[in-house]
Amino acid sequence: MGVFVSLHAQNKQLLYGFKDVPQQILLNPGAQVDHRGYIGVPLLSHIHFNAGITGFSAFDVFADDGKDFNQKIRDVVYKMDAKDFFGFNQQLEFFSAGLSLQTSLDKFVYISFGMYQESDLFSYFPEDLAILAYEGNHNNLNRRFDLGQLNVSAEVLSVFHLGINKKINSKWTVGLRGKIYSSIAQASSTENNGSFRTVQGADNSLNHIFDLDIKLQTSGLSFLEEPNANEGLAILKKRLLFGGNLGLGIDLGFTYQPSPEWTVDASLQDIGFINYSKDVKNYILDDYLEYDGIQALFPEVVTDQTAQDYWDEVSTVFDELFEIDSTTTAYTKWRPIKLNSSVSYNFGKKTDQECNCLDKSDPTFQNRVGAHLFAMKRPNHLQWALSAFYYRKFFKGLQFKTTYTVDAYSFTNVGLGMSAAVGAVQFYIMADNLLDYQNLAKSQSVSLQLGFNYIFKNNEN
Amino acid sequence: MKNCPFFKNPLALIIVLGVCFSCIKDTDFDQATPITLTPIMDVNFMEFQETSSSFLDASGTEMPFISDLIVLEVLSSDFIHDHLTKAELVFEVTNSLNKAFQIKMDFYDPEDILQHSFSIDIDNSPSHIPLVTEHTEVFEAMSLQALKTSFKLEITITLVSNATGSVLTPDSEGNLDLISNGILYLEYTQ
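So the protein lines, in turn, are chains A and B.
Counting in my numbering, the first sequence tops out at residue 461, every number present.
Counting in my numbering, the second sequence tops out at residue 190, every number present.
Keep in mind that the hints were calculated from the coordinates and are not lab data.
Treat the hints loosely; a few may be bogus.
Simulated crosslink set (BS3-like; lysine-lysine; CA at most 30 Å straight-line) [unchecked claim]:
1) A/Lys-179 with A/Lys-281
2) B/Lys-86 with B/Lys-148
3) A/Lys-72 with B/Lys-86
4) A/Lys-67 with B/Lys-86
5) A/Lys-457 with A/Lys-349
6) A/Lys-377 with A/Lys-396
7) A/Lys-215 with A/Lys-278
8) A/Lys-79 with B/Lys-86
9) B/Lys-104 with B/Lys-86
Predicted model, so just to flag it, every value in this text is computed and none were measured.
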């Protein structure tokens with residue numbers, strides 16, 4: 001119990017700056033590129049999966065310790081607070097490619113493009129609602145049950161991107177990537193306010209105060225109502241190929257190498273938005289009511305109204321209180337912006353001491369150490385992670401990178417990534433939270449990236 | 001397979017095997033039973049504030065009783081039927097009239113058959129000092145079933161004459177006030 005491992009959804013600290021893997025350029029369009037071009041193996045070039053939760057692990061609940069299951073769930077619920085969250089992120093690259101183009105005698109630009117599908121699910125833990133469900137309001141008089149804690153979003157989208165990367169001089173490389181988002185389906189309830197409170201009443205024992213301001217925005221969910229599965233599938237396919245709700249975004253990045261040993265780089269990803277106008281359905285619950293009970297009205301006192309009439313009135317008021325309005329108003333959402341930045345130091349060139357008949361020397365540095373910062377905008381907070389990394393080139397075709405990552409919760413996240421190439425075919429695999437692999441149930445986050453590419457190396461390589 | 005570097009690099013294989021053979025220890029996923037929640041909800045019930053004139057007819061004469069009927073549709077809802085395990089109705093009656101009363105609560109089902117009944121005796125207050133009477137009616141087992149089948153509540157306030165009490169007139173000092181709330185013990189399993 002109590003092993004906190006953070007969720008790093010979308011933090012790809014192993015891939016960031018891993019020069020041998022072409023997909024690193026998606027994290028920093030201004031990354032240094034050391035190949036002439038590449039083609040990703042369709043559907044296999046980048047498979048990314050990450051799921052995680054803060055506040056507890058499966059082990060806390062499923063440990064074979066003889067404790068009552070319900071009690072363990074209760075302990076977990078009471079251990080978590082409104083800052084805890086659950087997240088799931090998955091990416092699948094359909095295709096991608098990159099190519100170095102000669103613009104003049106010694107000038108090159110590197111163009112890369114591709115398309116991937118992404119799913120993202122994110123939810124904060126609605127602590128107050130959980131407490132209300134567990135305890136009710138009996139021992140919580142005057143407590144403000146905050147409905148704003150209800151904050152959940154889910155989306156499936158496809159992204160087409162085209163990036164340009166240019167090495168300006170020996171020190172600077174810059175890049176820009178344009179993105180077209182096509183949202184397949186989206187649902188979010190992130191702008192909630194209001195509360196439920198029970199306080200001592202003036203006219204009656206209690207006064208219930210309902211202050212409801214809840215909104216659920218959805219788009220693209222009508223396929224769920226499509227009775228014919230094939231029809232539904234056809235709709236989804238169309239949306240995958242720019243038939244969904246469209247948006248635009250850019251990524252920016254640079255690499256600065258003041259000396260061969262030192263490198264500083266940074267990027268901003270997904271500065272962009274999606275406008276949801278097609279197949280939109282929004283649900284709004286917005287009302288306020290103070291309720292202090294039924295007033296008994298003795299017919300002899302007021303002849304024209306009985307308690308029955310009064311009760312009918314109360315029923316109507318409650319029906320109206322919980323009446324959900326639906327609209328089809330278009331809405332716009334910003335994409336979650338991400339920042340990556342690192343500083344690194346290269347060292348240890350490999351030189352052959354003796355016979356040069358089979359030249360295996362590599363003029364590049366064999367080692368790199370550095371620090372990497374990741375930050376991402378979440379609805380209520382900035383998610384961050386700081387990593388120290390060590391990169392090691394074993395041969396031309398085998399490189400490793402290991403990371404140690406800390407963030408608000410975890411101090412035990414060690415990751416390992418590898419890129420291996422035989423000829424032009426390259427395979428890479430990266431996973432973090434390796435210490436937890438001794439017992440996955442204790443892990444609060446699982447992250448994996450892998451892929452295959454066909455790489456055209458530089459002539460000098 | 002020939003070009004697959006994966007099988008040629010022992011280290012790669014170790015990583016992949018590490019991932020594949022990572023284990024889930026000391027756990028028992030079969031213990032997952034439905035989660036039972038047992039919240040206790042305090043809800044407002046009814047209230048009234050009556051002066052002496054509430055108990056008098058048009059000519060200013062005391063009536064033997066006054067009554068009202070409240071339809072409690074909520075009691076017959078599926079939610080209450082399925083999840084209510086115990087209920088308490090907590091009444092606080094404050095009397096400053098120099099008149100004793102009996103407040104009777106009769107719960108009827110939709111066919112007007114009496115399911116449950118109780119009454120609260122209220123003393124008169126000769127010096128018009130507010131006298132507080134508390135009553136908690138607990139519904140469990142049989143009485144809970146009776147409550148769940150109830151649809152209507154008839155409240156009858158009967159005027160009780162005694163040696164120290166006086167006859168009410170429109171000018172009689174004091175009030176008869178009632179406030180109440182329900183405590184609902186719920187249980188739901190998911």
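Results for each hint:
For the hint linking A/Lys-179 to A/Lys-281, the alpha-carbon distance of about 26 Å falls within 30 Å, and the restraint holds. Only pairs whose Cα atoms come within 30 Å are accepted, and B/Lys-86 paired with B/Lys-148 is accepted, the gap being roughly 10 Å. About 25 Å separates the Cα atoms of A/Lys-72 and B/Lys-86, which keeps this hinted pair within 30 Å; it holds. Of the pairs offered as hints, the one joining A/Lys-67 and B/Lys-86 holds, with about 27 Å between alpha carbons and a cut-off of 30 Å not exceeded.
Between the alpha carbons of A/Lys-457 and A/Lys-349 the distance comes to roughly 20 Å, so the proposed pair stays at or under 30 Å and holds. With a C-alpha separation of about 37 Å, the suggested pairing of A/Lys-377 with A/Lys-396 is violated against the 30 Å cut-off. For the suggested pair A/Lys-215 and A/Lys-278, the alpha carbons sit about 18 Å apart, so the restraint of at most 30 Å is met. Between the alpha carbons of A/Lys-79 and B/Lys-86 the distance comes to roughly 29 Å, so the proposed pair stays at or under 30 Å and holds.
At most 30 Å may separate the alpha-carbon atoms for a hinted pair to count; B/Lys-104 and B/Lys-86 meet this at roughly 21 Å.
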